[in-house]
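Trainee: The primary structure of each chain is shown beneath.
2 protein chains.
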Amino acid sequence: MKKPLILITNDDGISAKGIKSLIEVALDFGDVLIVAPDKPQSGMGHAITVNHPLRLDKSVLFDNAYTCTGTPVDCVKLAIYEILHRKPDLLLSGINHGENTSTNVLYSGTMSAAVEGAMENIPSIGFSLADFDANADFSGAQLIARQLIEKILQKNFPPHVCLNVNIPKVKSGDIKGVKVCRQAHAFWEDRFDKRLDQFGKPYYWLTGEFSNHDKGEDTDLFALSKGYASIVPTQFDMTAYSTMAEFNNWEL
Amino acid sequence: MKKPLILITNDDGISAKGIKSLIEVALDFGDVLIVAPDKPQSGMGHAITVNHPLRLDKSVLFDNAYTCTGTPVDCVKLAIYEILHRKPDLLLSGINHGENTSTNVLYSGTMSAAVEGAMENIPSIGFSLADFDANADFSGAQLIARQLIEKILQKNFPPHVCLNVNIPKVKSGDIKGVKVCRQAHAFWEDRFDKRLDQFGKPYYWLTGEFSNHDKGEDTDLFALSKGYASIVPTQFDMTAYSTMAEFNNWEL
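Taken in order, these protein sequences are the chains called A and B. According to the working numbering, the first sequence is numbered sequentially starting from 1. According to the working numbering, the second sequence is numbered sequentially starting from 1.
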């Protein structure tokens with residue numbers, strides 16, 4: 001049987017521990033191509049690079065690996081259209097240092113790479129560990145990734161969907177299991193940290209608190225808080241179908 | 001009656017003709033605050049700036065206007081949390097030079113600013129004209145914007161939703177009307193234009209063709225092709241609810 005071709009990217013950049021952890025798992029299942037940003041690209045969402053040219057360089061960190069000067073979505077596009085000239089059998093993004101639950105799916109470069117995979121109709125998974133530490137323990141996340149990849153390679157993946165997988169910050173053996181969830185309806189309460197530079201001119205760091213008022217027990221945030229890995233099947237049709245009748249009544 | 005407070009941003013940058021056209025319309029309805037990128041930010045999607053500090057400067061181009069060094073979503077966050085310290089009554093983004101139909105909602109900085117407004121539960125609209133020209137004729141788009149703003153200020157806007165409005169490239173009097181639509185299921189067929197720099201080293205420009213295989217007559221692309229302005233009510237819950245049962249059957 002032909003080995004599956006697995007494309008791996010992330011948003012923390014090619015030298016992050018998270019992508020190394022994911023590559024280790026993926027190599028047990030297929031041939032792996034890595035195209036990852038050459039620097040951290042957290043918070044880049046679904047950004048693509050249209051006003052600057054992109055560079056693509058061979059990386060010495062792994063076999064069959066490239067770095068790109070652009071965003072995670074740029075990495076996916078370059079991999080498919082410039083390197084492979086075909087679609088991979090599976091796209092894996094991550095493992096992100098820090099969770100991408102709830103509405104963070106919109107800000108997350110990790111998840112946007114997976115959403116881009118869904119647009120290309122490639123079975124795609126974004127993995128995130130609820131631990132921002134550069135030296136985080138990825139063994140639990142690796143366990144979940146292994147289980148999921150094994151299952152996906154046996155099953156028919158629904159078209160134009162990807163998975164948003166978040167793994168709790170607990171010891172590998174303490175993960176309670178896996179729950180299929182919806183995206184929690186929760187938001188950032190933003191704050192800007194205003195500082196003055198050496199000339200007395202202000203600059204701002206975006207910061208804030210993530211705040212969950214969603215009481216549902218079927219959300220990714222709930223599952224994670226109970227020690228489960230959460231899986232949110234994720235799609236890219238943003239139409240608010242339930243409001244269409246109301247806007248039609250407006251007689252625009 | 002107190003005048004509504006209207007926040008305006010865009011992704012083409014503060015000096016674009018499109019934002020000027022939108023400001024002209026908005027000033028007839030309320031007090032206007034402008035916070036826009038200091039340079040083009042097309043294709044930035046829902047990106048936020050977390051790895052660099054942001055600058056915010058007063059602009060001389062309009063009254064009550066600021067430029068920001070970040071993305072359209074950064075502009076919305078800075079406006080609410082650093083300048084206003086309250087939510088505006090209405091958020092308008094655009095008018096974009098070039099359409100943001102279909103899956104372009106994901107790549108579009110213009111629409112991501114509106115989606116951020118929806119997350120903040122502010123009635124929000126992104127406007128895009130199907131004409132990339134820097135000197136495009138915005139009179140038709142201004143007409144549609146005027147009609148919509150007037151209506152929205154009379155109505156109760158559904159919570160956590162925004163509108164993706166695209167205006168066809170036709171003379172103002174030739175717009176056939178307005179249609180409430182769903183996001184067309186259509187995609188880019190990407191291509192990279194590979195060139196060599198002065199050292200013989202390659203660089204890549206992202207390019208391609210947008211390709212519509214969605215035969216539906218209820219899509220934004222269909223409405224626009226028939227000379228209508230399209231309105232897609234847009235939300236940010238990306239959960240693929242219809243696939244949850246299937247993934248639950250996988251016994252993960």
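Simulated from the structure, these hints should not be mistaken for laboratory data. Values in this document were obtained by computation on a predicted structure and should not be read as measured data. Treat each hint with caution, since some may be false.
Intra- or inter-copy, both count: the list cannot distinguish identical chains.
[What the hints assert, rightly or not] Under the rule of at most 20 angstroms between Cα atoms (straight-line distance), these lysine to any residue pairs were calculated in the SDA-like manner: (1) K39 to P53; (2) K58 to W205; (3) K155 to D197; (4) K194 to M244; (5) K3 to D237.
Trainee: Taking the hints in turn, state whether each one holds.
Mentor: So, going through the hints one by one against the coordinates:
{"no.": "1", "hint": "K39 to P53", "result": "both (16 angstroms within a copy, 16 angstroms between copies)"}
{"no.": "2", "hint": "K58 to W205", "result": "between (33 angstroms within a copy, 18 angstroms between copies)"}
{"no.": "3", "hint": "K155 to D197", "result": "neither (55 angstroms within a copy, 45 angstroms between copies)"}
{"no.": "4", "hint": "K194 to M244", "result": "neither (41 angstroms within a copy, 43 angstroms between copies)"}
{"no.": "5", "hint": "K3 to D237", "result": "neither (32 angstroms within a copy, 35 angstroms between copies)"}
When held up to the earlier numbered hints, the structure conflicts with 3, 4 and 5 and fits the remainder.
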